[in-house]
Each structure stands twice: as C-alpha cells, then as structure tokens.
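Residue 5 is where the sequence shown starts when you use the numbering used here, and the numbers rise one by one after that.
Honestly, the hints are just simulated from the structure, not real lab data.
Fair warning: this is a prediction, and the values are worked out from it, not measured in the lab.
Among the clues, some could well be false.
[As the list claims (entries may be wrong)] Cross-link-like lysine-lysine pairs, in silico, DSS-like; alpha carbons within 27 Å at most:
1) Lys65 x Lys23
2) Lys65 x Lys271
3) Lys58 x Lys142
4) Lys271 x Lys66
5) Lys268 x Lys242
6) Lys123 x Lys94
7) Lys140 x Lys81
8) Lys16 x Lys271
9) Lys16 x Lys58
10) Lys196 x Lys16
11) Lys7 x Lys242
12) Lys268 x Lys196
13) Lys161 x Lys196
14) Lys196 x Lys94
15) Lys161 x Lys140
16) Lys268 x Lys23
17) Lys23 x Lys196
18) Lys142 x Lys7
19) Lys58 x Lys161
20) Lys242 x Lys58
21) Lys271 x Lys242
22) Lys268 x Lys16
23) Lys66 x Lys268
24) Lys142 x Lys94
25) Lys123 x Lys161
26) Lys58 x Lys81
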Amino acid sequence: MLKLGCMSLSYKDEFGAGKLNLEGFIERAYLMRLDGIDIHTRALDSTEPEYLRKIRMLALKKGIALSYIGVSSNFGKIQDELPEEINSAKHWIDVAAYMGIPLVRVFAAWIPEGDTEEKVWARMIPCLQEVADYGKEKGVLVGLHNHNHGCVTRTGKDVRRIIDEVNNPYFSHILDTGQYVGSPGASGQRGKEDPTLNFYGSIEETADLAVHVRCKIYRIENGVEEWLDYPRIFEILKRVNFNGWLSIVYEGQDVEAEATAVPKAVKYLRSFMD
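With the sequences and hints as input, model every part of the structure.
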C-alpha cells in the first residue's frame, strides 16, 4: 500500500523561526491525515532517551509512523575528517534503532575544490560500506539519497553504481523526484527543465531500487505541482510496482507559505494514490 508522509524540512521556515517544533509537526501531520513523517536531524531538540521516548510515544498515540531520519553526510571530505562523518551516521543509526525507525538517509559525497571524482569515490565507498554494515548490525536500513549540486549522485547510473559497489542488502535508495541533474529544481535556471539531461530517465533508472520516494513540491499555488510532471512520475513508479512511502518535501517557500502549500500538496499527491 502506498503511504503518504511529509519531511520536516517542508516546514523549515517555521522550524527556523521557532514557530514549530517536532511535537507540533506531528500534530499537523495528524490533522492533515498523513500516514507518517520523515525527520531531519535538525528537527530533534535532543537525542536524550527521555526526549526520544516522548516523541515516539506522541507519534504512536497520533497514529503517525516515523519513516526515516535524514542525515546530511558528506563522505567526500579529506581522509582525516571521514571518521567523524562515519561516527555521525552511526550515531543516527543508533537513534533510529532506539526509536524503532527503520531507515536512515545518507548523502554520498561532494567533490572538494582541486580534488578528482575518482579520488573521492575511492574514499567514499569504504565509508558507505562501513555505515551499511553498522546499519545491518542494528537492523536499520541505510538509504542513499540522489542529489545534484556537485554531489556524485547526479544521475541514475551514479546511484546504481554506488549501490552495486557497496553491495549490502541494508544499503538501498531513497529516490528524490527533484534532485537528479536536469530537474527544474536542481539544475540551471529554477523552473526550467534541461531535456538534454533526461532527469526522468534517471528516475526510471533507479525507481526499482527505491524503498522511499521524496516527492519534491516547488510550485503548488493552483493545487497542481507546476515544475515536476507527477502523472509521469507515478506511471514510472507503477511500472516497477513501488509500494512504499511517498514523502512531501516542499521547497517553494519563496512564493507560498508552508502552512498553505503543504496541505495542497497532500491533496494533490493523494489524488494519484487513489
């Protein structure tokens, strides 16, 4: 069964202004009749057991699943800084295991100025293998999030190669509908797709690997996402029999407030799920 959630970063402005916290986000998810939420690490006020238990209990009482924790890792850093990145990912895997959250999101690597992709790749893969092994030990899946803007997961082929080289059943894919190169939200002029880069082809390339789909929403003022072709995206997901989480990630704060945009996105995406 397809399930609809929302990422805490969809309310990044309200979180940043102190108008919303994780408890309030869970309440909103409940009022919007969502099935669950994704939590970026910044949304957690603490990792002390008492606080984590409180959040888990609140979500349980509201019937809101906690679907993943998002970690902003970068395994392209210089060698001396990589142990800290690995330990951070392991820490959040421990938090996820404690809270009963089945999935932790990681990024792959950004290429430092003056470095080469080949050297970054050679540093990155052993790190991801170690993190995936730790996830397996703790029973928490590690999900690789595709990303552009200098990250080495620009295309579907990049993502498949990383997953093949890590070669661990506990290392899978979190598919972001707006973050492959060529996307109107991730490349060149915002709002303009570059058809020569075939970003829908990248979605097709990795849809069968996905255990979770981040549904980017950029422009929803009229009730329909204007930058991404969701009828096409849902056809891709249908062809691979995707049966998991769809999570709203709103990034149109420059044109519409989160409080009005996110409920529109809920209604819009539910129409495809029905």
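Does Lys140 lie within 27 Å of Lys161 when you go C-alpha to C-alpha? holds, 25 Å
Restraint check for Lys65 with Lys271, where alpha carbons must lie at most 27 Å apart: holds, 24 Å
Are the Cα positions of Lys161 and Lys196 separated by 27 Å at most? With a Cα-Cα distance of about 22 Å, the restraint between Lys161 and Lys196 holds, given a limit of 27 Å.
Lys23 paired with Lys196 [C-alpha distance capped at 27 Å]: Given pair Lys23, Lys196 is violated - Cα atoms ~33 Å apart, limit 27 Å.
Within a Cα-Cα threshold of 27 Å, do Lys140 and Lys81 meet the stated pairing? Cα-Cα ~24 Å, so holds.
Next pair to validate is Lys16 with Lys58; report whether the Cα-Cα distance is within 27 Å. holds, 22 Å
27 Å Cα cutoff - pair Lys196, Lys94: violated, 38 Å
Hinted pair, alpha-carbon criterion (27 Å max): Lys268, Lys23. Please report holds or violated. holds, 20 Å
Agreement of Lys268 and Lys196 with the hint, judged by alpha carbon distance not exceeding 27 Å: The given pair, whose Cα atoms are some 22 Å apart, holds under the 27 Å limit.
Is Lys66 close enough to Lys268, meaning Cα to Cα at most 27 Å? holds, 21 Å
Next pair to validate is Lys271 with Lys242; report whether the Cα-Cα distance is within 27 Å. Roughly 19 Å separates the two Cα atoms, so the pair holds.
For the pair supplied as a hint, Lys142 and Lys7, confirm whether the alpha-carbon distance does not exceed 27 Å. holds, 25 Å
Checked against the numbered hints above, the structure violates hints 14, 17, 19, 20 and 26; every other hint is satisfied.
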